[in-house]
Amino acid sequence: MKLTFKNDMEIRDSYYIPNQHKNAVGLFNLSDLVQDDFTMLCTAKPEWELCGTDHWSAYGILSINGMDLGIYCIKDKNGRKCLRAEFWINNDNPQVKYTEISSDDLNLDDELNLTLIFKKNQYIKLICNDVEKKIEFTEDLIDYTTSWLWVGAANHRWNVDGALWRGYKGEVSNISIYGTALDRQVSSYFENRKLFQDSKYKPFFIMSDDKRTPYKIFDESGNGNHLCLNMYNLAERNLMY
Amino acid sequence: MAKRKNRPTYDNPIYVDMENKLNEVGPGMCLAKWTQVTLQLQTGHNHSCHHPRTHKISENEIKRNPSALHNTQYKKLRRREMLTGKRPEECDYCWGVEDTSDRFSDRIFKSAESWSKPHFEQITTSDWRDDINPRYVEVAFSNACNFKCSYCAPAFSTTWMQEIQKHGAYPTTDKFNSLEHNKAESKMPILQKEHNPYTEAFWKWWPELYRDLHTFRITGGEPLLAKDTWKVLDYIIDEPNPNKNLNLAINSNLGVPDELIDKLIEKLKRIEDEDRVKEMVIFTSVDTWGEQAEYIRNGLEFNRFWDNMNKVLSALDRSIVTIMSTYNSLSVPNYQKLIHNVYDLKETYASTDRYWKSATFLDSSYLRFPQHQTVQVLPDVWNSEILRQAQLLDFLAVPQFESHFIGYSDIEIQKVKRIYDWKTATWEGKEQQVRQQRYNFGKYFQEHDKRRGTDFRKVFPELADFYNDCLEIKL
Numbered sequence: 001m002k003l004t005f006k007n008d009m010e011i012r013d014s015y016y017i018p019n020q021h022k023n024a025v026g027l028f029n030l031s032d033l034v035q036d037d038f039t040m041l042c043t044a045k046p047e048w049e050l051c052g053t054d055h056w057s058a059y060g061i062l063s064i065n066g067m068d069l070g071i072y073c074i075k076d077k078n079g080r081k082c083l084r085a086e087f088w089i090n091n092d093n094p095q096v097k098y099t100e101i102s103s104d105d106l107n108l109d110d111e112l113n114l115t116l117i118f119k120k121n122q123y124i125k126l127i128c129n130d131v132e133k134k135i136e137f138t139e140d141l142i143d144y145t146t147s148w149l150w151v152g153a154a155n156h157r158w159n160v161d162g163a164l165w166r167g168y169k170g171e172v173s174n175i176s177i178y179g180t181a182l183d184r185q186v187s188s189y190f191e192n193r194k195l196f197q198d199s200k201y202k203p204f205f206i207m208s209d210d211k212r213t214p215y216k217i218f219d220e221s222g223n224g225n226h227l228c229l230n231m232y233n234l235a236e237r238n239l240m241y
Numbered sequence: 242m243a244k245r246k247n248r249p250t251y252d253n254p255i256y257v258d259m260e261n262k263l264n265e266v267g268p269g270m271c272l273a274k275w276t277q278v279t280l281q282l283q284t285g286h287n288h289s290c291h292h293p294r295t296h297k298i299s300e301n302e303i304k305r306n307p308s309a310l311h312n313t314q315y316k317k318l319r320r321r322e323m324l325t326g327k328r329p330e331e332c333d334y335c336w337g338v339e340d341t342s343d344r345f346s347d348r349i350f351k352s353a354e355s356w357s358k359p360h361f362e363q364i365t366t367s368d369w370r371d372d373i374n375p376r377y378v379e380v381a382f383s384n385a386c387n388f389k390c391s392y393c394a395p396a397f398s399t400t401w402m403q404e405i406q407k408h409g410a411y412p413t414t415d416k417f418n419s420l421e422h423n424k425a426e427s428k429m430p431i432l433q434k435e436h437n438p439y440t441e442a443f444w445k446w447w448p449e450l451y452r453d454l455h456t457f458r459i460t461g462g463e464p465l466l467a468k469d470t471w472k473v474l475d476y477i478i479d480e481p482n483p484n485k486n487l488n489l490a491i492n493s494n495l496g497v498p499d500e501l502i503d504k505l506i507e508k509l510k511r512i513e514d515e516d517r518v519k520e521m522v523i524f525t526s527v528d529t530w531g532e533q534a535e536y537i538r539n540g541l542e543f544n545r546f547w548d549n550m551n552k553v554l555s556a557l558d559r560s561i562v563t564i565m566s567t568y569n570s571l572s573v574p575n576y577q578k579l580i581h582n583v584y585d586l587k588e589t590y591a592s593t594d595r596y597w598k599s600a601t602f603l604d605s606s607y608l609r610f611p612q613h614q615t616v617q618v619l620p621d622v623w624n625s626e627i628l629r630q631a632q633l634l635d636f637l638a639v640p641q642f643e644s645h646f647i648g649y650s651d652i653e654i655q656k657v658k659r660i661y662d663w664k665t666a667t668w669e670g671k672e673q674q675v676r677q678q679r680y681n682f683g684k685y686f687q688e689h690d691k692r693r694g695t696d697f698r699k700v701f702p703e704l705a706d707f708y709n710d711c712l713e714i715k716l
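One line per chain: the protein sequences are A and B, in this order. In terms of the numbering used here, the first sequence has 19 at position 19, counting the first letter as 1, and numbering is strictly consecutive. Quick note, the numbering used here runs 241 ahead of the 1-based positions in the second sequence.
FYI, nobody ran anything at the bench for these hints, they're computed from the structure. Backbone N, C-alpha and C define an ideal beta-carbon position, used for all residues, glycine too. Any given hint could turn out to be false.
[Stated by the list, open to error] Computed cross-link-like contacts, DSBU-like style, restricted to lysine-lysine with a CA-CA straight-line distance of at most 35 angstroms:
no., chain 1, residue 1, chain 2, residue 2
1, A, K202, A, K6
2, B, K587, A, K211
3, B, K327, A, K22
4, A, K211, A, K77
[To be verified] Below, a sample of chain A positions facing chain B; criterion: calculated Cβ distance under 8 angstroms:
no., residue
5, N23
6, A24
7, F28
8, G79
9, I89
10, P94
11, H226
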């Protein structure tokens, strides 16, 4: 199943998984995922024309809000297209860290198999097709336990920080998130996703290929972390939570 | 005066206010003792709220005063206790909740209901001897029923009664469905063809009762097999000045002959079209899907039942159908099919013209008795299946409880989540209890298959090994 995001000035579309489940039917919450190793994977085909050159106009593809953690599209000052894995460390004195893959490394207009691997107190890797970039660190991440995970936006939550929305324009599919730092297995993931339902990889969310309602996309991981369509009412309150 | 401690500031102010008002009268005060009644006319029993045990209605009292179907001398003494600062012993369910947690007990919820709250002043300033007409009435006219659901009893089903009279109690340690218990508690049902003084009193009281009713729900037995059900519907149809504030609810297994289903639709359609009530709900029951549902509810023809659900929802375009699902150990393997198909009904029959926001609801309550058929007997490997069903409901949920969204509400999700929580809870002595109930599970269904010509292993292949293990248990 491919999700198409039209984000522009008229349409704001995104999906999310909250940090805790309101009906407590989940076995593995996002608030627990961000406290240890994890891996995010998806296939994406960005349309870059609305993507900007700074934090305020970058696209979020897979993003944990607050101080951004995830995979983003951004252009550098020379107008080069970049995929960025960004995160923040040191709760007392937050500092941003990121690693990038640019259009000098490969053609970023193609369909891209993207992976972010987070190894606690060690490194973050960003893998795009055959290109891999890594940044090392030893500090703790800032506290992301109250953050939500967004697909197709950097942050659609109404009351968290000033950098709202930053909607992604393009397609996203094959989203999966695991509570382990996958590594060499990643190359086979995009060929056979079913293998990765194995509990040894601690699946957190596996996007269904065919099960959806008008409001949700089914989570095949067994954790009940169904991906929710972001909907607003007239008071700009999120309807789902 | 009792005051709750540590009441969190985020508690619903409606309940906080009601709790304070009730406690000003006394720590045991509950309006439901005045405003609510369940009448089991087939046995001459009643209770006001489902927590206390039912008590016998005096034939002498109702001869003088038919409202003594509700206003029994026994109940008036309990009301006196409430008005004089005491806690009636029979209401110990609520005292247990209040004494061991910060949660609101049901006396708060029931007193805050729209059928209770407006009568607070009238009740609290009344004399305990006064009669009052209840606003929320459930009535069973008869135990006539063409089903003998595995967890039901002779007091609620004539087919169960026939089986027990023929074969006796089941060979479980507690002699399941022995008539001795009914006899000891004076709960032997009066047959429909026999004179029933309680029904007679009901009809004397009805014209006055009807005027004051907020909610009237007919239960059973199977209500469509009770002549008095039709008498109620005809009364509402013929009444020149109907009670338009009435919420009318009728239970039915939707497994009676077609002509009775058609008759029900015809009468309810007339009531609906002529705006003779405020809203109408049909409560029906099914506990899982297909052949397994037929096994649990003996007498059910599943496909005909499902066709009847569709027939009712098609014909009555304002009414609601709520499925009361008695979730038990045999529900677990296939409940997800029921969840999917009820969702389809919600999609098919959604309409803003209906009295409520959804055409149908799946109300999953866990079976507590008989203990041998509760989910507790199942091995823990089934726990995750129950949780997956809650997750499935959540997947099929509405984003918000509004009429333009289709799907399950938080309450429908929570009721299945609650079953998972209960199944996974631990308590002292649980292991021993479960062992005994597994023994009874084996004994019960072995006898069930023998008496009814059913085949447990064939219908529940997923549970066949478990069933075999139960049969091996020696106590």
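Each hint, compared with the structure:
| no. | hint | result |
| --- | --- | --- |
| 1 | K202(A) - K6(A) | holds, 32 angstroms |
| 2 | K587(B) - K211(A) | holds, 18 angstroms |
| 3 | K327(B) - K22(A) | violated, 39 angstroms |
| 4 | K211(A) - K77(A) | violated, 41 angstroms |
| 5 | N23 | holds, 5 angstroms |
| 6 | A24 | holds, 6 angstroms |
| 7 | F28 | violated, 12 angstroms |
| 8 | G79 | violated, 40 angstroms |
| 9 | I89 | violated, 34 angstroms |
| 10 | P94 | violated, 31 angstroms |
| 11 | H226 | holds, 5 angstroms |
Hints 3, 4, 7, 8, 9 and 10 from the earlier list are contradicted by this structure; the remaining hints agree with it.
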